[in-house]
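Per the numbering used here: the sequence shown = residues 1 to 228.
Just so you know, these hints were derived from the structure itself, not from any lab. All of these numbers come straight from a predicted model, not from anything done at the bench. Warning: the hint list may mix true and false statements.
[Stated by the list, open to error] Pair ranges (Cβ atoms, derived):
no.: 1; residue 1: G69; residue 2: N201; range: 23 to 31 Å
no.: 2; residue 1: N124; residue 2: G16; range: 23 to 31 Å
no.: 3; residue 1: E202; residue 2: G16; range: 47 to 55 Å
no.: 4; residue 1: G177; residue 2: S105; range: 49 to 57 Å
no.: 5; residue 1: E11; residue 2: F76; range: 28 to 36 Å
no.: 6; residue 1: K88; residue 2: N57; range: 16 to 24 Å
Don't be surprised by glycine CBs; every beta carbon is placed ideally from N, CA and C.
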Amino acid sequence: MIDSNLIIQKELLHKGAEANIYAGYWFGKKVIFKHRIKKKYREESLDYTIRTTRTLNEGRALIKLKEEGINIPQVFEIDTEKALIIMKYIEGHKLKEIMYKLTNSKKKNIFHDIGQQVARLHINGHVHGDITTSNIIITEKNQIFFIDFGLHEYSDSIEDKSVDIHLFKRVLVSTHGSDFKPCFDAFLEGYRSIYKTVEKNESKLIIKNISAIERRGRYVKRDTNKCE
1 MIDSNLIIQK ELLHKGAEAN IYAGYWFGKK VIFKHRIKKK YREESLDYTI
51 RTTRTLNEGR ALIKLKEEGI NIPQVFEIDT EKALIIMKYI EGHKLKEIMY
101 KLTNSKKKNI FHDIGQQVAR LHINGHVHGD ITTSNIIITE KNQIFFIDFG
151 LHEYSDSIED KSVDIHLFKR VLVSTHGSDF KPCFDAFLEG YRSIYKTVEK
201 NESKLIIKNI SAIERRGRYV KRDTNKCE
C-alpha cells in the first residue's frame with residue numbers, strides 16, 4: 001500500500017464519473033494520481049471489487065502498452081487497496097484545447113501521427129475505448145500521448161477496432177466539424193501506413209466496417225423515430 005505521507009496533492013484536474021484526477025508530487029516527481037472513487041449506491045463489497053479490479057486492469061494495460069512502445073504515461077505505482085494509479089505527469093496540452101491555433105498542415109501531421117499510434121494499439125490487440133481530442137496530449141516537441149485507458153479492452157476483433165475509430169470519428173464531427181474531413185483523412189492515412197505492414201486486408205476491413213456501423217446507427221435511429 002502506498003504511504004500517503006509521500007503524496008503531495010496539489011490540484012484536482014478533473015472530477016469524473018468514475019475517477020478523480022489530481023496533479024501533485026510523489027518522491028519528488030511530478031505525477032498524476034488517478035483515484036477511483038467510492039459509489040454510495042453500490043453495495044460496499046461489490047464497489048470495492050469493481051474499483052480494485054478496474055484499477056488493476058488499467059494499470060497492467062498501461063504497463064503493457066509502454067513495453068510495446070505506445071506513448072502513454074509511465075506507471076510508477078498501483079495501489080489496488082486505495083483504487084489508485086500513480087503515473088508520470090506529461091507536460092503538454094490536450095489536443096482539444098489547442099486545435100484552434102494549429103495551422104492546417106500541423107493538424108494533418110498530428111492526425112497522421114495519431115492514426116499511426118492507434119494502428120499500433122490495434123495491431124497489439126488493444127482497444128482504447130474512448131479516443132477523443134481530450135484524451136490526447138501534445139507535448140512541446142509535438143509528441144502524442146494517449147491518456148485515460150479506463151475503458152480499455154483487449155481485442156483482436158475487427159468490429160471492436162472499427163468501433164474504436166467510429167467513436168473517434170463522431171468526436172471529430174461533433175467537436176471539430178470544420179476540421180473533420182482533412183483531419184480524419186490524415187488519421188486514416190496514418191492508420192493504413194502502419195497497419196499495412198502487418199495485414200493490409202485487415203486494415204481495409206476495419207475501415208470499411210466503420211460505414212457499416214454508421215448505417216446500423218442510422219437504421220436504429222429511423223426505426224426508433226418510427227415507433228414514436
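Hints and how they fare:
1. G69 - N201: 23 to 31 Å: holds (24 Å)
2. N124 - G16: 23 to 31 Å: holds (26 Å)
3. E202 - G16: 47 to 55 Å: For G16 against E202, whose Cβ atoms are near 33 Å apart, the range 47 to 55 Å is violated.
4. G177 - S105: 49 to 57 Å: violated (20 Å)
5. E11 - F76: 28 to 36 Å: violated (18 Å)
6. K88 - N57: 16 to 24 Å: holds (19 Å)
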